[in-house]
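Undergrad: Each chain, letter by letter, is given below.
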Amino acid sequence: MSSPEQWTHPEPGVGPAATAAAPTAEQVIAGLRATSEGGPELVQLLTPEGERVPNPEWDRYVADITADDLRGLYRDMVLTRRIDREGNALQRQGQLGIWVPLLGQEAAQIGAGRALKPQDMAFPSYREHGVAWCKDVAPSDLLGIFRGTDHGSWDPIAKRFHLYTIVIGNQVLNAAGYAMGQRFEGKVGDDDGEATMVFFGDGATSQGDVHEGFVWASVYDAPLVFFCQNNQWAISEPTERQSRLPLYQRARGYGFPGIRVDGNDVLATLAVSRWALSECRHGNGPVLIEAFTYRMDAHTTTDDPSRYRLTDELEAWKLKDPIERVRVHLVRHEQADKEFFDSVQAESDQLAAELREFCVNMPDPPKERIFSQVYEDGNPVLAAQRDTYLSYASGFEGGDH
Amino acid sequence: MSLITYRQALNDALRSEMLRDEDVFLIGEEIGQFEGSYKITAGLLAEFGPKRVRDTPIAEEGFTGAATGAAMVGLRPVVEIMTINFSLLALDQIVNHAAKIYGMFGGQARVPMVIRTPGGGGQQLGATHSQNIELFYAFVPGMKVVAPSSPADAKALMLAAIRDDDPVLVLENLSLYNTKGEVPDEDVPGEIGRAKVTREGSDITVVAYSRMAAVALEIAGKLAESDGIDVEVVDLRSLRPLDRDTVIASVKKTNCAVVLEDDWLTYGIGAEIAATISDGAFDWLDAPVRRVAMAEVPLPYAKPLETAALPSADDAITAVRETLDATARRR
Ligand SMILES: Cc1ncc(C[n+]2csc(CCOP(=O)(O)OP(=O)(O)O)c2C)c(N)n1
Ligand SMILES: [Mg+2]
Chain Z
1 MSSPEQWTHP
11 EPGVGPAATA
21 AAPTAEQVIA
31 GLRATSEGGP
41 ELVQLLTPEG
51 ERVPNPEWDR
61 YVADITADDL
71 RGLYRDMVLT
81 RRIDREGNAL
91 QRQGQLGIWV
101 PLLGQEAAQI
111 GAGRALKPQD
121 MAFPSYREHG
131 VAWCKDVAPS
141 DLLGIFRGTD
151 HGSWDPIAKR
161 FHLYTIVIGN
171 QVLNAAGYAM
181 GQRFEGKVGD
191 DDGEATMVFF
201 GDGATSQGDV
211 HEGFVWASVY
221 DAPLVFFCQN
231 NQWAISEPTE
241 RQSRLPLYQR
251 ARGYGFPGIR
261 VDGNDVLATL
271 AVSRWALSEC
281 RHGNGPVLIE
291 AFTYRMDAHT
301 TTDDPSRYRL
311 TDELEAWKLK
321 DPIERVRVHL
331 VRHEQADKEF
341 FDSVQAESDQ
351 LAAELREFCV
361 NMPDPPKERI
371 FSQVYEDGNP
381 VLAAQRDTYL
391 SYASGFEGGD
401 H
Chain E
402 MSLITYRQAL
412 NDALRSEMLR
422 DEDVFLIGEE
432 IGQFEGSYKI
442 TAGLLAEFGP
452 KRVRDTPIAE
462 EGFTGAATGA
472 AMVGLRPVVE
482 IMTINFSLLA
492 LDQIVNHAAK
502 IYGMFGGQAR
512 VPMVIRTPGG
522 GGQQLGATHS
532 QNIELFYAFV
542 PGMKVVAPSS
552 PADAKALMLA
562 AIRDDDPVLV
572 LENLSLYNTK
582 GEVPDEDVPG
592 EIGRAKVTRE
602 GSDITVVAYS
612 RMAAVALEIA
622 GKLAESDGID
632 VEVVDLRSLR
642 PLDRDTVIAS
652 VKKTNCAVVL
662 EDDWLTYGIG
672 AEIAATISDG
682 AFDWLDAPVR
692 RVAMAEVPLP
702 YAKPLETAAL
712 PSADDAITAV
722 RETLDATARR
732 R
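Protein chains in written order, with the numbering used here: chain Z, 1 to 401; chain E, 402 to 732.
Simulated from the structure, these hints should not be mistaken for lab results.
Just so we're clear, the structure is a prediction, and the values are computed from it rather than from any experiment.
Ideal Cβ positions, reconstructed from N, Cα and C, are used throughout, including at glycine.
Each hint should be verified, as a subset may be incorrect.
[Stated by the list, open to error] Label-pair restraints from in silico Cβ distances:
| hint | chain 1 | residue 1 | chain 2 | residue 2 | range |
| --- | --- | --- | --- | --- | --- |
| 1 | E | 524 | Z | 304 | 12 to 22 Å |
| 2 | E | 524 | Z | 39 | 36 to 46 Å |
| 3 | Z | 158 | E | 528 | 18 to 28 Å |
| 4 | Z | 93 | E | 511 | 52 to 62 Å |
| 5 | E | 505 | Z | 376 | 35 to 45 Å |
[Unchecked claim] The list that follows gives simulated cross-link-like pairs (lysine-lysine, BS3-like), each with its CA atoms no further than 30 Å apart:
| hint | chain 1 | residue 1 | chain 2 | residue 2 |
| --- | --- | --- | --- | --- |
| 6 | Z | 367 | Z | 159 |
| 7 | E | 623 | Z | 367 |
| 8 | E | 623 | Z | 159 |
| 9 | Z | 318 | Z | 338 |
| 10 | E | 597 | Z | 367 |
| 11 | E | 597 | E | 440 |
| 12 | E | 654 | E | 704 |
| 13 | E | 581 | E | 597 |
| 14 | E | 653 | E | 623 |
Whole structure, please, built from the sequences with the hints as guidance.
TA: Structure (structure tokens):
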């Protein structure tokens, strides 16, 4: 099996030119993908079998993590997965217009989300329900987006969690600007400094916006952690369609460090994210993290992945499940008992029930909202259109309209 | 003739042109393996292979620019942009390059490229995914923009666009993809720049394109029945070049007009049509030209609000009645 590194030219002036970057469609279908394994550069602290592997470089970033903390991370992931599955089910039952599943990416998101300090800002794309959880955005606040009653109802500044962005790559530039602001305002430099983390996918790395974000953040030393969840797919397109070399290595060309972490290992993701945020906080940003993970469900509820990928690939990744390895670890080291697991289970049942209850009772927004959130201070043309429309609509009041 | 969908008509046109001309190739996100987000390219990767059906990285500006370059050396790329909303990321390549290369290079290089992309709201896709921004391209000299409303026109105009030597944007529409109509089995390209009177009438002219041209036909039928109003429908079909003559001729006959458009009112396509009528048929007008357009807001996401913000058949009917009332011709 070829590895992505072999696709690049060995040395300038030496050897044959590099050949085909991408596998054929047949190879992709057959699961013969160079990127199915993270490779030796993958930072991992907890193996898929739940074994804690010592790592002199990274252990110190999680040295303070107690059994209690690990149970907390486990709980975060279980609840996040439950929110996700409930969202999916609500869509299937017609209660939501669409759902964007994160199944399989819990560790990447919780590891990153729990590394964020309260003063840190996060810019999500559209799949970051786990990061939202860590930023104390109520899961019910996510539902409006997918039920189509609003574009996001939390206060992004208060929560330090930006609204979801669906145009691919867009938020990376906004985050670069935000982080530049943090630097220009003198908010970096010590342990209490601020940082920003921006989330995007492997597919997004092809967009000009993302590349420009890399340039801006680097030339202004912005405290920005680029957190790329490489979940191996951009809808139907495999990562090989986006890059010839491992994504984390792109950072080098822009002049900042890049690192690949096992995105299914919550501990490793936490360690690497803490390090990256700390670098930024102290003025040494930006940093690129590639969290190597897998989208275990469809792209969205409108997608059918069986059209473009083999279930073998999914089966292989199931063995690397992010939650299972923590559970095994906790059990093996007698750090959690049945009572603990039962209580997390009960809590997640409760959360799901509340979410469902909230969802089915969500009111439709009032008609004047069509016009009320276009300009902060309104405008006369729009006001006239609103008045005309509302008086026209009031003619239908009481009917089925 | 066969009764097929708008989607199938587009697919047939692409396939025919790929069979006819080896230089025609398709490029875009998710168009091969996935057969396009709206399945317009279904079966084409299997039939023509990856050389002619190119899945690209997620970079609209990249693949539109690459297609422009390929067109300059004689290939005939058909670019799919998943929805017209994402064409905004390729705006510089389209407006500053594709549309200008022929003129700026003194006619030495042509850009026989097609950009096909659906517009349209009403699918609850939110404000960034539901826009009708064809005007941006219809505004630009060097571009051609066609906007078929029926399966037959979809096929004819796609054939014409691919054979055209200038960059042509083919505006498709999400809510038209499943509509059905009679389509000629043989390949007869349409004429870019020619509107069509899709229904003859004597009382009032309704001018529209794309989805709203289908709505125009629908309300014309209703109004004939309910009010005995004889509506003439002009389907623009081409936004640039614009067939002013057909619009003016119709208004000279009916003496009043309503424009239906899915875009925003201010500076919209309807404004251009109203100006066209004012220039060419001012003395024939019995009432001001009315425009029915979308509320001037980012399209709301909630279903009832989205429906309310989009122009509807009822809005169009009201505008027709009120315009006729204003002519004082109506009893
Ligand atoms: C500018 C733009 N182009 C295309 C799309 C359609 N689209 C939505 S998600 C997606 C794939 C993104 O893949 P990736 O960045 O890997 O993120 P993932 O969905 O895997 O989390 C595409 C092409 C879009 N939303 N915006
Ligand atoms: Mg992805």
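Undergrad: Next pair to validate is residue 597 of chain E with residue 367 of chain Z; report whether the Cα-Cα distance is within 30 Å.
TA: violated (37 Å)
Undergrad: Between residue 93 of chain Z and residue 511 of chain E, does the C-beta distance stay in 52 to 62 Å?
TA: holds (53 Å)
Undergrad: CB of residue 158 of chain Z to CB of residue 528 of chain E, is that within 18 to 28 Å?
TA: At roughly 23 Å between Cβ atoms, residue 528 of chain E and residue 158 of chain Z fall inside 18 to 28 Å, so the hint holds.
Undergrad: Between the alpha carbons of residue 597 of chain E and residue 440 of chain E, is the straight-line distance 30 Å or under?
TA: Holds, at roughly 28 Å.
Undergrad: Do the alpha carbons of residue 653 of chain E and residue 623 of chain E lie within 30 Å of each other, as the hint requires?
TA: Given that 30 Å is the threshold and the Cα spacing comes to 24 Å, the pair holds.
Undergrad: CA of residue 654 of chain E to CA of residue 704 of chain E, is that 30 Å or under?
TA: Violated. Residue 654 of chain E to residue 704 of chain E sits at ~40 Å, over the 30 Å cutoff.
Undergrad: Can the suggested window of 12 to 22 Å be confirmed for the beta-carbon pair residue 524 of chain E and residue 304 of chain Z?
TA: Because 18 Å falls inside the window, the suggested range holds.
Undergrad: Assess, step by step, whether the Cα of residue 623 of chain E is no farther than 30 Å from the Cα of residue 367 of chain Z, and give holds or violated.
TA: holds (28 Å)
Undergrad: If you draw a straight line from the CA of residue 318 of chain Z to the CA of residue 338 of chain Z, is it 30 Å or shorter?
TA: holds (23 Å)
Undergrad: Given the hint of 36 to 46 Å, check if residue 524 of chain E and residue 39 of chain Z actually sit that far apart at their C-beta atoms.
TA: Cβ of residue 524 of chain E to Cβ of residue 39 of chain Z: about 41 Å, so the range 36 to 46 Å holds.
Undergrad: With a cut-off of 30 Å on the C-alpha distance, tell me whether residue 367 of chain Z and residue 159 of chain Z pass.
TA: Judged against 30 Å, a Cα distance of about 28 Å means the pair holds.
Undergrad: Are the Cα positions of residue 581 of chain E and residue 597 of chain E separated by 30 Å at most?
TA: holds (19 Å)
Consistency with the previously given hints fails for numbers 8, 10, 12, ordered from lowest to highest.
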